[in-house]
Structures are given as C-alpha cells and as structure tokens.
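*Asks:* Listed below, chain by chain, are the residues.
4 protein chains.
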Amino acid sequence: MLKKDETKTISFLIQCEDKKGIMQKCVNFFTDKDFNIVHCQQHTDSYENMYFMRLELDLSDLKTSRKELENEFSIFANENNLNWSAHYSDYTPRVAILVSKTSHCLYDLLARRNQGQINCEVPLIISNHPNLEKIANSFRIPYHYLPVTKETKPEQEMKIRKLLKQYDIDLVVLARYMQILSSDFTNEWEGKIINIHHAFLPAFQGANPYQKAYERGVKMIGATAHYASKDLDQGPIIEQEVVRVGHELTPKGLKEVGRDAETRALAKAVQAHLESRILIYKNRTIVFNAKH
Amino acid sequence: MLKKDETKTISFLIQCEDKKGIMQKCVNFFTDKDFNIVHCQQHTDSYENMYFMRLELDLSDLKTSRKELENEFSIFANENNLNWSAHYSDYTPRVAILVSKTSHCLYDLLARRNQGQINCEVPLIISNHPNLEKIANSFRIPYHYLPVTKETKPEQEMKIRKLLKQYDIDLVVLARYMQILSSDFTNEWEGKIINIHHAFLPAFQGANPYQKAYERGVKMIGATAHYASKDLDQGPIIEQEVVRVGHELTPKGLKEVGRDAETRALAKAVQAHLESRILIYKNRTIVFNAKH
Amino acid sequence: MLKKDETKTISFLIQCEDKKGIMQKCVNFFTDKDFNIVHCQQHTDSYENMYFMRLELDLSDLKTSRKELENEFSIFANENNLNWSAHYSDYTPRVAILVSKTSHCLYDLLARRNQGQINCEVPLIISNHPNLEKIANSFRIPYHYLPVTKETKPEQEMKIRKLLKQYDIDLVVLARYMQILSSDFTNEWEGKIINIHHAFLPAFQGANPYQKAYERGVKMIGATAHYASKDLDQGPIIEQEVVRVGHELTPKGLKEVGRDAETRALAKAVQAHLESRILIYKNRTIVFNAKH
Amino acid sequence: MLKKDETKTISFLIQCEDKKGIMQKCVNFFTDKDFNIVHCQQHTDSYENMYFMRLELDLSDLKTSRKELENEFSIFANENNLNWSAHYSDYTPRVAILVSKTSHCLYDLLARRNQGQINCEVPLIISNHPNLEKIANSFRIPYHYLPVTKETKPEQEMKIRKLLKQYDIDLVVLARYMQILSSDFTNEWEGKIINIHHAFLPAFQGANPYQKAYERGVKMIGATAHYASKDLDQGPIIEQEVVRVGHELTPKGLKEVGRDAETRALAKAVQAHLESRILIYKNRTIVFNAKH
Numbered sequence: 001m002l003k004k005d006e007t008k009t010i011s012f013l014i015q016c017e018d019k020k021g022i023m024q025k026c027v028n029f030f031t032d033k034d035f036n037i038v039h040c041q042q043h044t045d046s047y048e049n050m051y052f053m054r055l056e057l058d059l060s061d062l063k064t065s066r067k068e069l070e071n072e073f074s075i076f077a078n079e080n081n082l083n084w085s086a087h088y089s090d091y092t093p094r095v096a097i098l099v100s101k102t103s104h105c106l107y108d109l110l111a112r113r114n115q116g117q118i119n120c121e122v123p124l125i126i127s128n129h130p131n132l133e134k135i136a137n138s139f140r141i142p143y144h145y146l147p148v149t150k151e152t153k154p155e156q157e158m159k160i161r162k163l164l165k166q167y168d169i170d171l172v173v174l175a176r177y178m179q180i181l182s183s184d185f186t187n188e189w190e191g192k193i194i195n196i197h198h199a200f201l202p203a204f205q206g207a208n209p210y211q212k213a214y215e216r217g218v219k220m221i222g223a224t225a226h227y228a229s230k231d232l233d234q235g236p237i238i239e240q241e242v243v244r245v246g247h248e249l250t251p252k253g254l255k256e257v258g259r260d261a262e263t264r265a266l267a268k269a270v271q272a273h274l275e276s277r278i279l280i281y282k283n284r285t286i287v288f289n290a291k292h
Numbered sequence: 001m002l003k004k005d006e007t008k009t010i011s012f013l014i015q016c017e018d019k020k021g022i023m024q025k026c027v028n029f030f031t032d033k034d035f036n037i038v039h040c041q042q043h044t045d046s047y048e049n050m051y052f053m054r055l056e057l058d059l060s061d062l063k064t065s066r067k068e069l070e071n072e073f074s075i076f077a078n079e080n081n082l083n084w085s086a087h088y089s090d091y092t093p094r095v096a097i098l099v100s101k102t103s104h105c106l107y108d109l110l111a112r113r114n115q116g117q118i119n120c121e122v123p124l125i126i127s128n129h130p131n132l133e134k135i136a137n138s139f140r141i142p143y144h145y146l147p148v149t150k151e152t153k154p155e156q157e158m159k160i161r162k163l164l165k166q167y168d169i170d171l172v173v174l175a176r177y178m179q180i181l182s183s184d185f186t187n188e189w190e191g192k193i194i195n196i197h198h199a200f201l202p203a204f205q206g207a208n209p210y211q212k213a214y215e216r217g218v219k220m221i222g223a224t225a226h227y228a229s230k231d232l233d234q235g236p237i238i239e240q241e242v243v244r245v246g247h248e249l250t251p252k253g254l255k256e257v258g259r260d261a262e263t264r265a266l267a268k269a270v271q272a273h274l275e276s277r278i279l280i281y282k283n284r285t286i287v288f289n290a291k292h
Numbered sequence: 001m002l003k004k005d006e007t008k009t010i011s012f013l014i015q016c017e018d019k020k021g022i023m024q025k026c027v028n029f030f031t032d033k034d035f036n037i038v039h040c041q042q043h044t045d046s047y048e049n050m051y052f053m054r055l056e057l058d059l060s061d062l063k064t065s066r067k068e069l070e071n072e073f074s075i076f077a078n079e080n081n082l083n084w085s086a087h088y089s090d091y092t093p094r095v096a097i098l099v100s101k102t103s104h105c106l107y108d109l110l111a112r113r114n115q116g117q118i119n120c121e122v123p124l125i126i127s128n129h130p131n132l133e134k135i136a137n138s139f140r141i142p143y144h145y146l147p148v149t150k151e152t153k154p155e156q157e158m159k160i161r162k163l164l165k166q167y168d169i170d171l172v173v174l175a176r177y178m179q180i181l182s183s184d185f186t187n188e189w190e191g192k193i194i195n196i197h198h199a200f201l202p203a204f205q206g207a208n209p210y211q212k213a214y215e216r217g218v219k220m221i222g223a224t225a226h227y228a229s230k231d232l233d234q235g236p237i238i239e240q241e242v243v244r245v246g247h248e249l250t251p252k253g254l255k256e257v258g259r260d261a262e263t264r265a266l267a268k269a270v271q272a273h274l275e276s277r278i279l280i281y282k283n284r285t286i287v288f289n290a291k292h
Numbered sequence: 001m002l003k004k005d006e007t008k009t010i011s012f013l014i015q016c017e018d019k020k021g022i023m024q025k026c027v028n029f030f031t032d033k034d035f036n037i038v039h040c041q042q043h044t045d046s047y048e049n050m051y052f053m054r055l056e057l058d059l060s061d062l063k064t065s066r067k068e069l070e071n072e073f074s075i076f077a078n079e080n081n082l083n084w085s086a087h088y089s090d091y092t093p094r095v096a097i098l099v100s101k102t103s104h105c106l107y108d109l110l111a112r113r114n115q116g117q118i119n120c121e122v123p124l125i126i127s128n129h130p131n132l133e134k135i136a137n138s139f140r141i142p143y144h145y146l147p148v149t150k151e152t153k154p155e156q157e158m159k160i161r162k163l164l165k166q167y168d169i170d171l172v173v174l175a176r177y178m179q180i181l182s183s184d185f186t187n188e189w190e191g192k193i194i195n196i197h198h199a200f201l202p203a204f205q206g207a208n209p210y211q212k213a214y215e216r217g218v219k220m221i222g223a224t225a226h227y228a229s230k231d232l233d234q235g236p237i238i239e240q241e242v243v244r245v246g247h248e249l250t251p252k253g254l255k256e257v258g259r260d261a262e263t264r265a266l267a268k269a270v271q272a273h274l275e276s277r278i279l280i281y282k283n284r285t286i287v288f289n290a291k292h
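From first to last, the protein sequence lines are chains A, B, C and D. Reminder that position 161 of the first sequence reads as 161 in this note's numbering, one-by-one numbering, no gaps. Reminder that position 96 of the second sequence reads as 96 in this note's numbering, one-by-one numbering, no gaps. Reminder that position 115 of the third sequence reads as 115 in this note's numbering, one-by-one numbering, no gaps. Reminder that position 159 of the fourth sequence reads as 159 in this note's numbering, one-by-one numbering, no gaps.
Some hints here could point you the wrong way.
The calculated label-pair distances, taken between Cβ atoms and stated as ranges, are [stated by the list, open to error]: (1) D:ARG66 - B:ARG66: 39 to 49 angstroms; (2) B:LEU232 - C:ASN187: 49 to 59 angstroms; (3) A:THR149 - B:SER85: 49 to 59 angstroms; (4) D:ASN78 - B:GLU190: 44 to 54 angstroms; (5) A:ASN80 - C:GLU70: 26 to 36 angstroms; (6) A:GLU155 - C:LYS19: 51 to 61 angstroms; (7) D:GLN179 - A:ASN80: 57 to 67 angstroms; (8) D:GLY206 - B:GLU190: 55 to 65 angstroms; (9) C:LYS159 - B:LEU232: 31 to 41 angstroms; (10) C:ALA290 - A:ASN28: 22 to 32 angstroms.
These are calculated hints, taken from the structure and not from any lab test. Heads up, the beta-carbon is just placed ideally off N, CA and C, and yes, glycines get one too.
Chain A extracted, bound-state conformation (with noise of 0.2 angstroms):
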C-alpha cells in the first residue's frame, strides 16, 4: 500500500447490493492480478442495503492493456452485479465553466487549477453575458459568449451542447450561471454538470435567495454544491457551507458574505469530482475523504 505523491493510479467505483463477502471479492479480483491496493475506501448502508467502494490501485502494477483490465472487470461486475466505473490519475479531465456576471467563483477556481489544487483543464469558458471576458483572457482561456433571450435559449442551448463536444468536455461546471437548463441537456449530462447554488438547500430554492434569507431572517446562510438534474437545485448533493450571519446585513450584505461559503462548496464539490471520490445512488452523495 505504498504510495508516493507521484505514484499514478486506477480508481474504481463500484456499488452494489451489500452481501456477505463482497469485499473481499473484489479485493481479491484486484490481488490476484497483482495490484497494489493503495487505497481501500469503503460504505456500507445499512439503510439502503447498499455497499459501496472506492479502490485505488498501483498503475505501474497493470500488466494489460487498459481495455483489456476493464473488459475482465466488466464480466466479473455482471456476475456480481456491481455498477462500476475506472479512472486513471494520469488523464487529466477537461472541464467547461459556465458563468454569467458573478466571478468570485470563476476567480476561484481558475486560480485554484493554476496552483495545482485541481487537477484538469479549462479549454473554454461559455457565458450568456460578455462581461467576464476580461477575466478569460487574463488567464488566456476561450470565452463564448451565448447570448440568451426567451427565443434563442433552445438554440443557444444547442450550441453549448455542440461546443462541449466538440472539446470533449468530461465535466460542466456551473460557476453562477444564471440559466435553468432544459431536462434533455441534464439527462444527457447526468452526473456532469456541477451547480453551485447559493443558499442551504433544501432550504430557498429557485431565485433570490438572500432575499429570502433575509425575509425569514436566518442566523446562518449557506451555499450548496450538486449535481444538476431535470428538477431545479434537487439534484444529489456534494458539498454545504455555511457561514453564521448576524442581524446586522442586508440582503445586499448577506450576498457579500455567501460569496466566500460559494467558492468554498464549489471548489471542494469540483475537485471531490475530479479525484474520483464521489458515488451517487438514488439523489444521495458517497463523497469519500481525500488522501493528500
């Protein structure tokens, strides 16, 4: 279980009905070929039945091909019935930011790549509003400006969809995009997208919701991370914040201070995805720890 910081790795992402003796059925699928485990995550819901696991393997261990080891894992899954799926530390995802006008969590996660916190690529930016273009540029990204009324959001719509195919994009991260998506780009995109939305939820769905914070006169205000998914902000759940509020703000006051608890939740959600740390089941995250 050795592993050093340069050490590339397999994850694989399995859950399953939980049985007796599935653990080690998988990690002896593993050990018998040879594979260093360096990490063996684990979750069983009592609630749900369900087991779920998070295995890391040693990838200079891999004596296949890559097709290969998931073709022999594919019919040892269908025997067991596990859902599955393999992710290797040495391809590095590319991500598409949505935004619209607000750039603390634009900044943030760009400057966070940068520094090597999050690992993948940013081949493009899209927005319905041109005026964080300056912002792309500074850190030398393509910025595609899809305007958006009433009338063109189908098309407009199409257009992102096409653009994000055409860079083969793995991950859609809603940095602030102020746009409901249609149901077909968020079943097509399921467990892609990444939204931050800007309250507690379940708590002020939908629009304002420091407005409404502030109306029902909340002692804290948070922000959410999840999944997109056909039903506005009742996607899975990756990651909450929260910061404590006093009497003394405003509506105007308490979207100053939610904006640190944003960039926080999306940053934590964003890079939970891109490590392979996260499993969904039903509209419920598995978001296991990170390993530094």
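The hints should help you fit chains B, C and D onto chain A, whose structure is shown.
*Replies:* Chains B, C and D alone, transformed into the frame defined by chain A:
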C-alpha cells in the same frame, strides 16, 4: 460606564422608525436623570428603515421608583413613537419547560441553570408523557403529566395555560415538546414561547426532519431555536446551529448527532431571551451580543 | 455486511508497517473463518509508512471461544508484525470520572450515558473537593472524596489507583480534574486516561488558559480532549473544538463560552474510545468515523 | 441615521479610559455640529477599564473643512484624554502586497479587489522571488522583484521602505511573504502591516507550522491574520480561521487544506482594516462588525 459583575442594572429595549438624532435623544433622557449607561447597543436596519437599541443602566442610579421611571419613559416614548420594554437584573425570570419523551434539551437546560449559566427559576415541568419525571425529580422540580389525545388536546392545553398563570411564568420553553400549540395559545404568549426545531429552518419544516434530511442527502444538519407563532415552525428565528455530516449516517445517526446542535441552539436562545438581549421586528430578531 | 442495530460485533484494531497485501491478508484471516465483515476502515499513513485498520465482525459468526479466536489471531499477528487489540460490543466498559469543582463535563457525560449516547457504566466518581457530591447523588453514583494537599498527594493518588482496580475500571475520564497525575499513574494507564484541556492545544498549555487567551487576544477559543501522558497536556490528541469569540468577552466570559467546547470535545473523545474507534501511533491518534 | 450605500461618511475611532458620560460627550460633540450619526458602535472592556467607540458620520453634514473638524476634535480629545483617528470613505486606501512564491492569498486579494469586496488600490506588488510576476502582470500591477540574501537583506528592506513611501502606501499586506522584517520597519509601520501566519496562533509560531501540526496530531488547523510587531508572530490578532482535519492528511495535505483558512483570515482582516473597523489596545484588537 464602569460595571462590575454584581452591578444591578435596568435594560431598556427600544425600537422605532429610524430618524436623525434618535440615539442621543434616548441617551439624554437617561443621562439627564444622572444615570450611568453601562452598555449601549444599537442596530440600524437601513433596509427596513428601523432603529433598535438596548440601553443598560446602573440600577443604583435610580432616584425614583421603578414605576415612576417607567411612567416618565412612557410619555417620552409616546412623543417619539417608540416601542419599548424595561427589564431589571435583580428579578429572576420564571421559566416553564415543556417536554415529551426526549431528554437531552431538558438535561442541558437544568444543568446550565444549576451552574448559573442561565439565570432563571424553573418552578415546573409539563409533559404529555410520564417518561421524564425521574429527571424532574432528580432536579427536585414538580412534574405535571398532562397526556394528550386528539379528543383531550384543547382541554389539556387549557390546563397548561392555567398552570402557566398560576405559577407566574414569564417564558415557556418547548424543549422537544412534540405537540402543536393552538393559535390562541401562541397569540396570548407571543414572543414568550421559545421552541427548538430539529432542522435548519426553513428546510425540513414539520415532522421527521432527520428522515427528510437523510433522503435529501444534505451534508450538514441543523437546529433552530425560534419564537413560536401561530404558523408551525415559522416564527422569528433566534439562533441556529449546524453540524457537518457525512454519508456514514442513517436517519438514526443523524438524529443522534443532531442532539448537540439542538441543545446548543436552544440554550443560547433561552439565555439571550433571559438576558433581555432580543428584539423582534416583523419575522426577524435582533440579538445583541452578550457582554460578560 | 448486513448490520442491524442489535448486531453484536467484535472489533479488531490493527496497526503495522505498511506493506503490499496486508489488507487482504487480514481480511482473509477472518473470511476464511466464515466471518461476515460488518465494517472495514483503514488508513495508510504514507508519511510514516504505517497501516491502520479497524475490522468489525459479526459476533454471531464466532464458532469457537473468544479466547481461541484471540489466540489464533495472536499467532497470525506475530507472523506479520501486527499490533492489535480486540473489543466486544456486548461488554459494557466501566468508566471512572474524576472531577474537581466544575460540573459541566460531569453533567454532560452522565446525561449522555443515561440517554444511551455513551455506552458505559460509571461505578464511581472521584474528587478532590466535596462540591459535586450532590450531582453524583442525583445520578445515584458513589462519590469518593479524596482531598489533596501537597503532603497527601502521593498517598491520595495511591488510593485512587486502588479504587480503579477495585472497581475494575477500563477507562478514566478527567472531567476537569485539576490535579497533575504522577508519571507512574499515567504510565500504568497509558491510553486509558482521557483528559479535557480547556484550550486549543498546543496553545495555552498548563494553568489559566482562558486568562492567557484573553491576554493574547485570540479570536477563537478551544478545548482539547487527549490521552494523558507523563508530560502535562502533551499526550495524543483525540478531539478538538473551537468557538469564535469577539472582543466583548473578559477572561470570565471566555471561560463561560468555553464550557460548551469542553463538553463536546470530551464527550466525542469518550464515545470514540468506548466504541473502539481510536488507534494511537507515536503522539497521534487515528479516529475512525462512527457508523450509526 | 438614514444611510444609503452611496452615503459618504467620516469614521472616528476613539479610545480612552472608561468613565461615566463619555459616550454622550462624544455623541454631543458631533450632534451639536448637526451631524447625522450613521452608526455608533462601542465596547467597554470592564477588565481593562477602557472604552472604545466607532462613530460614522454623514460626510455631507460637514459644514467646515476636514482639517478644521479634526482640529476642533483634537482640542476636545485633549481635554478628555482620548486617542483617536478619522477616516473618510471617499478616500481609497493604497495597499502594497508583499509575497514570496505562494500565490493563493495574492490571487484572492486581487480577485476581491476587482469584485469590489475590498476597496483599495494596489499600486505595486513586491517579492523576493520572481515566480508570481505573471499573476501581477495579468492583473496589470507593477511587480518589484527584490531578491534577499543574508547579506543584502538590510539593503533590500530599505528599498522596500523607500518604495512604500514613493507609492504613498497606507497599508502593507504580507500575503505569505517569507521574510522576517526588522524591528525598525515594524515600528515605523506599527498598526499598518497585516501578516498572515499559517497556524492558529499562539500555537506553532515560527517556521513550518504544518509540519509541527502534523507531528502534534492536532484535529484542526488554523490561520491567523495579525498586525506585524517587532516580535515574530506575536502582534495583535485581527482574525482567525480553522479547518477540521482528520488523520488522513500528511503535512503536505494539511498545507493544502490550510490555504483556504489563510485566504479567508487575511481577506477579512484586510477588509476590516480598510473599512476602519479595528482599534488596537495593548496586544488585542477590537474589531467592530461590518454593516452592509
């Protein structure tokens, strides 16, 4: 502004429409009578255009009777359209605690009272279940068991209200009392009933919040102490607490870790109320910081 | 891996130098004996090159005696250079609580035990002051008053150690016991004494941490639950809590708000210990998450 | 007390020995000149017997010159033994940022300034390393590279101090500048240099705090923003942040998760300073809440 711990004080809680000069008018009212102002806390809500103030005066500077002071201030308040109340630190408020079967909030409040953290008398505990009588006995507090069925509910509530009068109660604390109060009751006791709801309001109002939190897959659970109003779980919020939770916890596990958030939120709210640090405006509270 | 609440379990805590294949070796030891592994938690410390594991087995799968199982595992452990211990969920650990004059941690622990949050017996409370006897009485627990002066200290400590033997104690909790223990005592009870220090260690070791915190002007105060070792306030940390504080608080005020951090940190640490979720390596602890 | 966002204000920060009537004396000074008091925040430290006040006045009520007002207040202050300073919201403070190789605090501060969260100009960035010049360029801020060796240290520091004068700097922010400043420098700039230390002071003063935190096995790591003083890491604390950490993290992992605490603590401290909300007394700060 010298204050020692033993200094006895009068606190005035004042609210009015914000206007130029209102602060020094109030300050001058008391300094003209040669009062030392021990503390002066204020809040201007520029969004609502309201002004809120808490003045703490040295009681030993009182040259007249309390009645007389209040009469004089009453005239001043009428002239200036102030809402106000006065509170004397040498009076020990009388608190009734209502519980059902769950004991953590009850234990916590009684322990804090015994340690002097919460300054009040608790002349009675009322419950719709017999379970917690042993705890009441160990703290030597009379326990009134008033079981509730659909049929007896109105009649039992009348008995409760009668007990509250009889025991001269100032504040009612619903320490996990699992019965909905009638609007007659909440209206009569407006701003004088504090409830603890086991969720981060406005999320998960109503029954079974931990079950709902599990199903929604939230990453933090919370508790909310608020004044009871005629609309269930919708009264003015005083204090909220959250606890970070992972995928490891079932609804039962969430309930267990949520207890600490409940006890803390309730204790802080009760303490702030008893120290006359709370003002209510519309559905929001202004809670001034404690000074110890 | 099915586990119901009532499932009785054996937990093995294992640590060794990290090496390839160690996980499945351990797993196979138990699955070869047809044990269902209810939980398996692991940690690889790549910095120290150490491997840590907690295996929870279904006790009803045990075909032999406990003694026999332990003997067999002992042989396996020797072959593989494992440090280990075994814990049975049907055994209720026996805890002695030591206090001085301050009651909040004592109240909190006893309330949690009565509510079933902490699973233990408390056959005795020991104190160097008579003050808290009333609380012990209200919970019907024998109270041993052993006053300490400079001269009687060694003699009184011997009495304490004798009582711990006599009552068959498994864990000693210093719930604000304001006496320094001899290194003989802490060595004999290594890893079996949990102390609460009223500061965020390593800040403010020793006496009067709230006074020091006031003088240093910190913006958060904390509490630290740790295993007692021969060096005062320097044993392995189990749990820490902090509370944000403002300039409003004097040393006395800091002490008051610090209480909650103390009770929470101590309760969590005691619960983790009693649920056999803690491993100690050098001066650090591995604390596995609770599964409820 | 009506205040709109665009209202220009004067803030007076006042401190003196606490005495009866001091508040209304100050209030009356300004209301006699027909000033509207937009905010009035106060703190009485009963332990030190000191009184602290922040008065925010409507600048449009100023009938004389700023100079004249300050002269008159100066006479009043002398009579009453007040320490004070005046700050005008229509003046944009000039901030120099000093960095070494680490970029997260720099990115964060510049992004916040561009978003209007922090109101200041940043006319220059100074560094002892060339690494972050690219970031400075992307924000179009001059970058002064002043490498430091043991021999050149005094000479380079003199160059820095000259630059600060030349650029008319009001505040120096050490955003992970890994050089110890001379006491000449810190004395000259007393209360005008904010440093971020990557630990929860007073724990882990000096070099390599994350390594020390790992070795001590703490369960939370922190960051501290404080005014630099002649004693390293011992100046008045402005803001502290903590992050809960588990056994999973190596020193490198602690360093990574600590970044967020560093950026937040530093940003909040800089914002509070630039909004004239901080008073320093002995080695402590009074930080009044923001009102937005």
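*Asks:* Hint by hint, say whether it matches the structure.
*Replies:* For each hint, the structure was consulted:
no., hint, result
1, D:ARG66 - B:ARG66: 39 to 49 angstroms, "46 angstroms, holds"
2, B:LEU232 - C:ASN187: 49 to 59 angstroms, "58 angstroms, holds"
3, A:THR149 - B:SER85: 49 to 59 angstroms, "54 angstroms, holds"
4, D:ASN78 - B:GLU190: 44 to 54 angstroms, "51 angstroms, holds"
5, A:ASN80 - C:GLU70: 26 to 36 angstroms, "33 angstroms, holds"
6, A:GLU155 - C:LYS19: 51 to 61 angstroms, "59 angstroms, holds"
7, D:GLN179 - A:ASN80: 57 to 67 angstroms, "59 angstroms, holds"
8, D:GLY206 - B:GLU190: 55 to 65 angstroms, "57 angstroms, holds"
9, C:LYS159 - B:LEU232: 31 to 41 angstroms, "56 angstroms, violated"
10, C:ALA290 - A:ASN28: 22 to 32 angstroms, "29 angstroms, holds"
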